[in-house]
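Student: For reference, the chains in residue letters:
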Amino acid sequence: EDKVVQSPLSLVVHEGDTVTLNCSYEVTNFRSLLWYKQEKKAPTFLFMLTSSGIEKKSGRLSSILDKKELFSILNITATQTGDSAVYLCVWRSGGSNYKLTFGKGTLLTVNP
Amino acid sequence: NAGVTQTPKFQVLKTGQSMTLQCAQDMNHNSMYWYRQDPGMGLRLIYYSASEGTTDKGEVPNGYNVSRLNKREFSLRLESAAPSQTSVYFCASSLSTDTQYFGPGTRLTVL
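As they're listed, the protein sequences go chains A and B. First residue of the first sequence: 1, per my numbering; consecutive thereafter. First residue of the second sequence: 113, per my numbering; consecutive thereafter.
Honestly, I wouldn't trust all of these hints.
Said to hold, decoys possible - Some residues of chain A that are not near chain B, with every Cβ distance over 12 Å (derived):
(1) G16
(2) M48
(3) L70
Claimed, not checked - BS3-like cross-link-like pairs, simulated, lysine-lysine; straight-line CA separation at most 27 Å:
(4) A:K41 with B:K183
(5) A:K41 with A:K57
(6) B:K169 with A:K37
(7) A:K57 with A:K3
(8) A:K40 with B:K126
(9) A:K37 with B:K126
(10) A:K41 with B:K169
(11) B:K183 with A:K104
(12) A:K40 with B:K121
(13) A:K104 with A:K37
(14) B:K126 with A:K41
(15) A:K104 with B:K169
(16) A:K40 with A:K3
(17) A:K57 with A:K37
(18) A:K3 with A:K104
(19) B:K183 with A:K3
(20) A:K41 with B:K121
(21) A:K41 with A:K3
Just so you know, the hints here were simulated from the structure itself, not pulled from any lab data. Every value quoted in this text rests on a predicted model; they were computed, and no experiment measured them. From the three backbone atoms N, C-alpha and C, an ideal C-beta is built for every residue, glycine too.
Let the sequences and hints guide you as you build the complete structure.
Tutor: And the structure:
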C-alpha cells in the first residue's frame, strides 16, 4: 500500500527563522510529487517535482526531490506569519491510475 | 477567472436526508475530483472524472454518487446522509492529472 510520511507533524518557529519540512514515501510506480499549502480553506498548489536533484524555487520557498532515497524537502527561509499553514506532501503514481496519496501534513506556526 | 467554485459553503443535514454538492470550474480543465478531508486522515479521493462523460471511483466512494454534467460541472450526491459523512468536501480540477486546483470547500455536518 502506498504510504506518505511527513515530519514533523507540527512546528513552531519565530519570524525570520528558516524551516525544513520533510516528506518520505513508499509509492509504487512513482510519477510526481506535489507540495500544497493549506490555510483555513482549500489547498493551494506550490510545486510539482518529477526529477531528482532539481530544485524548484518560488520566492522564499524551495523544494527538492531525491528519488533514490525516496524523500522530498520543502524549505522556507525568512519565515513570516503568513507562512503559518498546513503543508501537504502528495505523491502521484504513474500509469492510468489517478490516485494521489496525501500525507497528513505538517502544521507550521510562525510567531511574530 | 473564478477558478473552482463550490456550493454551498456550509450545510447541516439530518440522517437520511439527501443533498447534492455542486462544483464548477472555468479553467477548461479536463479532469475533476471530489475529496473529503477528515481530522487525522488527510485528503481522500471519493470519485473523479478524467474527462467529460466518464466517472470513476476513488478511495472512499461508498455512500456517494457523482455526475459530470458537462466539462465545467461535477456534482457529488449523498442519497441518504449518515453521520460518518460529516466532513469537509473539496472539489478539484486539473488539466493533466498532476497539478490539481482546489475549490474553497463545503463543510457538511450530518446529525
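Student: Sort out which numbered hints this structure fails and list those numbers smallest first.
Tutor: 2, 9, 11 and 19
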